[in-house]
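**Student:** This is what each chain is made of:
Number of protein chains: 2
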Amino acid sequence: MQAYTLTVDKFLDHAAKWSPNREIVAADQGRAGSRLGYAALRTRSNRLSGALAAIGLRFGDRVATLAWNTQHHLEIYYAAMGAGLVCHTLNPRFTVAHLAAIVSEAEDRALAVSASLAPLAGELAALCPSIEHVIVMDAEPPQRTFGAARVWTHEALLEAHGAPASWGAFDEHAAAGLCYTSGTTGNPKGVLYTHRSNYLHTLRALQADAFAITGADSLLVAVPMFHANGWGLPFAAPAVGAKLVLPGRHTDGASLAKLMRDEDVTIAAGVQTVWLGVLDHLDAEGGELPALKRIIIGGSKCPDALIERMEERLGARVQTSWGMTELSPLGTVAPPDAPPAAARGAGRPPLGLDLKLTDADGATLPKQRGVTGRLKVKGPSVVGRYYKADADALDSEGYFDTGDLASIDEEGNLSIAGRTKDLIKSGGEWINPAEIEDIVGRHPHVGLVAVIARPDARWGERPVLVVEPRQGVRLDGQALLKTLRGEVADWWIPDLVVQVETMPLAATGKIDKVKLRADYAAGRMAGEGANR
Amino acid sequence: MQAYTLTVDKFLDHAAKWSPNREIVAADQGRAGSRLGYAALRTRSNRLSGALAAIGLRFGDRVATLAWNTQHHLEIYYAAMGAGLVCHTLNPRFTVAHLAAIVSEAEDRALAVSASLAPLAGELAALCPSIEHVIVMDAEPPQRTFGAARVWTHEALLEAHGAPASWGAFDEHAAAGLCYTSGTTGNPKGVLYTHRSNYLHTLRALQADAFAITGADSLLVAVPMFHANGWGLPFAAPAVGAKLVLPGRHTDGASLAKLMRDEDVTIAAGVQTVWLGVLDHLDAEGGELPALKRIIIGGSKCPDALIERMEERLGARVQTSWGMTELSPLGTVAPPDAPPAAARGAGRPPLGLDLKLTDADGATLPKQRGVTGRLKVKGPSVVGRYYKADADALDSEGYFDTGDLASIDEEGNLSIAGRTKDLIKSGGEWINPAEIEDIVGRHPHVGLVAVIARPDARWGERPVLVVEPRQGVRLDGQALLKTLRGEVADWWIPDLVVQVETMPLAATGKIDKVKLRADYAAGRMAGEGANR
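First to last, the sequence lines map onto chains Z and R.
Take 21 as the starting number for the first sequence in the working numbering and just add one per residue.
Take 21 as the starting number for the second sequence in the working numbering and just add one per residue.
If we strip away everything but chain Z, and leave its shape as in the complex, we get (with noise of 0.2 Å):
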């Protein structure tokens, strides 16, 4: 058969050529935003590359990204890739120390940032000599220097250097991104996409029985761009040559209901935060979405009561999911005709990924249903080796350890019972912190929970809870306590419950054990005892 190299420059060359007008919109800040079709985004992303070449960017180098979801976010993705450069994406959300070190490990050479963005990132250049360009996307940055940097904008650079380049002429193993895992477990590690894995996973995610996109869809992307290739959208997109309307920097309820209304979407993806936002938005000032079919959700377990609420209140199906930056990052998800939420779990796996769960010493359980263990998970989207790691992050039978706790249904269908990392060890017995977490979740003035370790004398280690309040009320500790009472087991009831204001999230949206165990470490919370 024909050699033919799978490399993600083919999703806008081939939406260029077969949906030429179909439009990328962009929101901006509320106002109207950009609007393009297909094959002129394609010509512009294609003369970036150009210019990238011009100011001396060459094959493997870093491109570094500090930008929300936008047109021109969109247009270095493409313009960094086709030409075999590797599009870094950072979050904004880190701290600039935190970016500083992900920034000198990758040794970006440039960084391409949103103007809303521009003083992090002056910040951040100041820090790391290796960014040699800045380019400033959406207008002027407010500031003018940027470290030891030369400054551009994004349309400037297009104006002076723009020019037809060869994209794809590489072999598909080559690096085509960079995103670096959340770090709420330890220090964040790089994942290197190649344009082969980045392929085969939006195939993976365009089957049927997964995303399912098509050309007439509408799709909104409302996970971030910079996190993880933005759930692999903006390469599922063109490849079907589906409509992408992408939110910019606002993701709250009033601005995203809006642009779903304007832009006819269809099908939506994003955290349940996200989702809440637009439900209590509409659920205040009123108004439907009427073309809306489907919400992907993912990130974190949704309540099943919330996926009812939003599949009620929004007239969609919710589709659940599964996945991790390490998994590029689509590991299961529910079909969109899948049974009820409780029924659902986080899905099954698409072709192209091998499920096994295994005990602690990573022996495969001889059942692998109704039973939880140790995830772990093989395929062509599947880190292997950690960027600039000195080993892969495989066992001997070349799968890569989730960190999470799992269980599989008799149909497949996956569900995450917790990180390992966060197990208690009480007693030399295992409690898991996400089953208590799951029942105390449910109580309706509950905001956010979480159940971290504290060291005993006695136990070696006994969980605590800390609820984040809804709306300020004051919770009763004991009556939440009691909720666990013939749930869990005895021993695994908390001894004491820490009230707090807010919950400390890491730059991902989850919620930050590390700072929890540390604010408690530094006597920073105050806690109710329980009453045995």
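Hints in this document: simulated from the structure, not taken from any laboratory.
Mixed in with the good hints there might be a few duds.
With a straight-line cut-off of 25 Å between C-alpha atoms, the simulated DMTMM-like cross-links for lysine to aspartate or glutamate are [to be verified]: (1) Z/Lys398 <-> R/Asp191; (2) Z/Lys441 <-> Z/Asp381; (3) R/Lys313 <-> Z/Glu431; (4) Z/Lys535 <-> Z/Glu521; (5) Z/Lys37 <-> R/Asp191.
Simulated restraints on C-beta separations [claimed, not checked]: (6) Z/Ile459 <-> R/Ala311: 39 to 45 Å; (7) R/Pro386 <-> Z/Ala363: 52 to 58 Å; (8) Z/Gly80 <-> R/Glu332: 22 to 28 Å; (9) R/Ala23 <-> Z/Pro386: 23 to 29 Å; (10) R/Pro310 <-> Z/Gly335: 24 to 30 Å; (11) Z/Gly335 <-> R/Arg78: 54 to 60 Å; (12) Z/Pro386 <-> R/Pro310: 39 to 45 Å; (13) Z/Lys408 <-> R/Phe79: 33 to 39 Å; (14) R/Ala23 <-> Z/Ala176: 40 to 46 Å; (15) R/Glu332 <-> Z/Gly307: 51 to 57 Å; (16) R/Asp421 <-> Z/Asp415: 45 to 51 Å; (17) R/Asp357 <-> Z/Glu430: 29 to 35 Å.
Not the full set, but computed from the structure, chain Z residues with beta-carbon under 8 Å of chain R [to be verified]: (18) Arg368; (19) Gly399; (20) Val402.
Beta carbons are placed, not taken as given, at the ideal position from N, Cα and C, and that holds for glycine.
Once you have looked at the hints, place chain R on chain Z.
**Tutor:** The following block gives chain R in isolation, referenced to the frame of chain Z:
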């Protein structure tokens, strides 16, 4: 990212693990047939790999099949491919001489055959000394001798030598399948499919705008597994865990209608003549197919009126498509939600295939929409070089010449306008038979129609209209020609109308124009001249 080879055995592995009890149902000449889950089929198929190794077959060896769509045929597919053998599907409608030439070129070492085809296999084996083993599926063979080959029944072979085998332990560019083109326009040519090309073709076909098969579907494969990978459906069904319904030998309307009803078929794939049979049966006998949602048709252009009749009578959407053996075979397909019949043509190319239109000299047409040109294609599942050919079958840009004349509308829908080899050169200008056939084919009393060239002293060539009337009606030749006036240029109108009782068909069901031209040349055609 992880090393992971794209091999087709992973489709069946995935189904065995994630849809172990989803069934493969094979009808057996009107009787109950077989019914087995994917896990059980995977075990049998894998053990059959062990048996093939035990009788001496080695990596890269060719195993021919001469078989209907049955469970055993599917087992051989995966047993051969999984072990790195090449599954060479033979078309039982080819003549024995034709088959012998193909088997000799391929040097097939084994031949697996449906019991009802054993007599043909016997003749074939006698002519082909390369065949060392004959495996008779389904039942005891009606005769004992197959040339000098050792004879096994499928079950006896499994019982005697079945053993677990290692699957997919080779490069993804290894050959998986071999299929020869029909040879309506010349000598048959072999297309050697690789694991990679089949894997990528499967993911391509599974997109939501293409075949869009889900795990909830029940898929009828009424297209023969011996032709062009059975449109890739024996791969696509296990890849998503769909129920797979195989009709065996009998694809008449009554058998198919019963099978579709009994097995709640939701998606059915086959050529138009098959659906005509189903329609006629249901019209005569009554009955509905309530589960049926979609019908995928291909092979040759289907009249709009027949599409509309199918959609109305069967209550299902018809997806038109275009493909070739050389394309694995999917080229274009109309999405499930495509516009009305008249506007969908043969559909659009899902990601993974590039198309271009050129002039007769191979130069790309400056305008690619709304004009007719020679259709050339490129992609990872497109032939690069025919089996055992001396040179690539590609142009300087790496495109394969399909031999089709085609146009593409503004929406990207392809319409095949004819075959370049069928074109008739009259007075130095080209006449396209397909356009004439289209118009005459709309006449309610015309069954099949073909336009061929006859030599002409003055004009070089002139067109002859050959028709097979419906149900033995005698047609008025002048009236037929009259339908062309105003629709095509006057000089395109044939000078001669020939009525035949039965149109000669090639082994793949297409009209055999080679035979028609030979019959005309030999004076075996009596025609009616045109009144000018």
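**Student:** Now tell me if each hint is right for this structure.
**Tutor:** A quick look at each hint next to the structure:
1. Z/Lys398 <-> R/Asp191: 18 Å, holds
2. Z/Lys441 <-> Z/Asp381: Holds. Z/Lys441 to Z/Asp381 sits at ~14 Å (cutoff 25 Å).
3. R/Lys313 <-> Z/Glu431: Roughly 24 Å separates the two Cα atoms, so the pair holds.
4. Z/Lys535 <-> Z/Glu521: Distance ~15 Å between Z/Lys535 and Z/Glu521 Cα, so the pair holds.
5. Z/Lys37 <-> R/Asp191: Given pair Z/Lys37, R/Asp191 is violated - Cα atoms ~33 Å apart, limit 25 Å.
6. Z/Ile459 <-> R/Ala311: 39 to 45 Å: 41 Å, holds
7. R/Pro386 <-> Z/Ala363: 52 to 58 Å: 56 Å, holds
8. Z/Gly80 <-> R/Glu332: 22 to 28 Å: Violated, at about 58 Å.
9. R/Ala23 <-> Z/Pro386: 23 to 29 Å: 27 Å, holds
10. R/Pro310 <-> Z/Gly335: 24 to 30 Å: 26 Å, holds
11. Z/Gly335 <-> R/Arg78: 54 to 60 Å: 59 Å, holds
12. Z/Pro386 <-> R/Pro310: 39 to 45 Å: 43 Å Cβ-Cβ, so the 39 to 45 Å window holds.
13. Z/Lys408 <-> R/Phe79: 33 to 39 Å: Given range 33 to 39 Å: holds, Cβ gap about 38 Å.
14. R/Ala23 <-> Z/Ala176: 40 to 46 Å: The hint (40 to 46 Å, Cβ to Cβ) holds, given that R/Ala23 and Z/Ala176 are roughly 43 Å apart.
15. R/Glu332 <-> Z/Gly307: 51 to 57 Å: With Cβ atoms ~39 Å apart, the hint is violated.
16. R/Asp421 <-> Z/Asp415: 45 to 51 Å: 49 Å, holds
17. R/Asp357 <-> Z/Glu430: 29 to 35 Å: Holds: the Cβ-Cβ distance is about 33 Å, inside 29 to 35 Å.
18. Arg368: 6 Å, holds
19. Gly399: Holds: closest Cβ of chain R sits about 6 Å from Z/Gly399, inside 8 Å.
20. Val402: At about 5 Å, which falls below the 8 Å cut-off, the nearest Cβ of chain R leaves the hint on Z/Val402 intact, so it holds.
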